[in-house]
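The listed protein sequences correspond, in order, to chains F and A.
Residue 135 in my numbering sits at position 135 of the first sequence, and the numbers go up by one each step.
Residue 54 in my numbering sits at position 54 of the second sequence, and the numbers go up by one each step.
To be clear, the hints were calculated from the coordinates, so they are not data collected in a lab.
Note that the structure is predicted; figures quoted are calculated from it, not measured.
Certain hints may be false.
[Said to hold, decoys possible] Incomplete in silico selection of chain A near chain F, CB under 7 angstroms: (1) Ile45; (2) Thr126; (3) Asn156; (4) Ile271.
In this text, a Cβ means the ideal position worked out from N, Cα and C, and glycines have one as well.
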Amino acid sequence: MVQDKSTARRIFVCFNYVFLILLALLCILPMINLLAVSLSSRSAAEAGLVGLWPVHFTTYAYSWTMQNAEFFQALWVSIQRVGIAVPIQLFLTITAAYPLSKERSTFKHRPIFVAYFIIVMVFSGGLIPFFIVVSRVGLIDSIWALILPGAVNTWHIILMMNFFRGIPKELEEAAFIDGASHWRTMAQIYLPISLPSIATITLFIVVGHWNEWFHGIIFMNDPSNYPLQTYLRTRVVTFDPTMITGDREAIRRMMEVSNRTTNAAQVFIAMIPVLLIYPFLQRYFMSGLTIGSVKG
Amino acid sequence: MQLPWKKKAGWAMRKQARKVAFRREIPLIVMLLPSVIILFIFSYIPLFGVVIAFQRYLPSLGVLGSRFVGFDNFRDLFMLPTFNQVLWNTVYIAFMKIVFMLVVPIIVALLLNEAKNQFVKRGVQTIIYMPFFMSWVILGGIFIDLLSPSTGAFNNFLGLFGIEPIFFLADNNWFPTVLISTHVWREFGFGTIVFLAALTSIDPSLYEAATVDGAARWKQTWHITLPGMMPIIVLMTVLSLGGILNAGFDQVFNLYSPVVYESGDILDTLIYRMGLINMRFGLATAAGLFRSVVSLVFIVTSYWLAAKYSNYRVL
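Go ahead and model the full structure; you've got the sequences and the hints to work with.
Right, here's the structure in full:
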């Protein structure tokens, strides 16, 4: 391409870079501010002195959090939750995606199942019937309430299915001729080839369960069963509309009761796992997203 | 000419063949069973549970024992003094989010496409997707702190320009703006990827031809880039219409409080409070059903439009 080097063009390029870098800063500054608050002294935080750098540096907020039994209880629930959910959801995603990836010539009743999965994607009974069913099944205050109701994720199934479809037919035909069953073909032909997309979906499941907080609020009565994000929502990000009467001053006082540094520390610790797996997530992100959502 | 017995044999053989074909399908159906059962329990039974919307539901009597009251719950819902306000808030917030989530990512994608320095381009991309992976509990914690009128860094920053501290999260004039802007802040990076992918698929020879013809850069953007992106812009617009009643429960729930119900209470938060705080199951289910039906109409229409105008298929 011929490059035009006019002054106007150079000014534009320059401004463009400045703008893009400012945009990136805008995305990251709130998080840096959080970290700075968590590492500042209480008095500095309360006086509103903290910007992007800790004032009167101290790790008090973190050592306080390390001694907070409630925090660790919630952290343990979250770890259990992710640990149980990943294998179950992967199994369900793969076993649903494999049959749905077949052509109608091999799987005549496929359209019925496709309709079955799609109907509940576009139409739901809403929050209340869902809540009643989960409580009637007897899952209240059980960790399974955080895992089973959302265990079938149609988006993950579609992602996986589209990947399976890209695998050459010759491979499975060869396996069938050698007498392999569907289960065996899935386990020994499809799975080894699909490891990258299985890794992607695993990361989605981990982040999804780590971040989910609402089911913890509605299905757990005993706070010791709260996962980390639910604990944060109810104990740390205390801006709970059900507990305050609507009096402006009361809200102001409530927001100003300062556990500011320890709150910031706990929120920041909850961000760390996501920050750690983000680089891996991001690598698969573009391909995964474009396969799943928009085709041609 | 065919003899009757021969015809019968053909039918039997076809039946036999169908049986064999079905037997080959059995492992596939078995594989689907676990997912089918879980969806049945946690999605289909609640789907039938919407009959609660037409009942005076009492938990002690259950769905089968509660009395049917016709459309009473819907009448009560539409008579609620706050209902119109809540519906308006929902549509306004959702609509503004849709508009900005189209405009901002398109502009950012165009600007990123102009950046030829790969280091800057990749770095900026990596950072702008990041907020998307943080939950609204975490972001709520960040923004409640950041926007605080007395200690928040944002008001301190505004103070540098002599602006008096604003209590963003308790001010009805500001609250919807905060919702829309923090939503865009979290998700524009995610939206940018789709448009950036569309940009890179535009045939480079078009730009070469335009350069030879002496078209300036902004003219190329106007006459080549934007038309090239049009299909995907139309597609994203159409698909996002399905979310017209989805104003973002997670976000609103983590940022609102009774002082901003007037401007920030949405259908989903109303349903949550009516149902699970005030225990008015029938009324809340009616509100949920109202939301589902309206959304369904929008989703089906938008997918139909998308299939018609851009050959989009989910499955």
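So, going through the hints one by one against the coordinates:
Below 7 angstroms, beta-carbon pairs count as interface contacts, and isoleucine 45(A) has one with chain F at about 5 angstroms; its hint therefore holds. Because the smallest distance between the Cβ of threonine 126(A) and any Cβ of chain F comes to about 6 angstroms, under 7 angstroms, the interface hint for this residue holds. Look at asparagine 156(A): its Cβ gets to within about 6 angstroms of chain F, closer than 7 angstroms, so that hint holds up. Interface restraint check: isoleucine 271(A) against chain F, minimum CB-CB distance 6 angstroms, threshold 7 angstroms, status holds.
Violation of the numbered hints given earlier is absent; every hint is satisfied by the structure.
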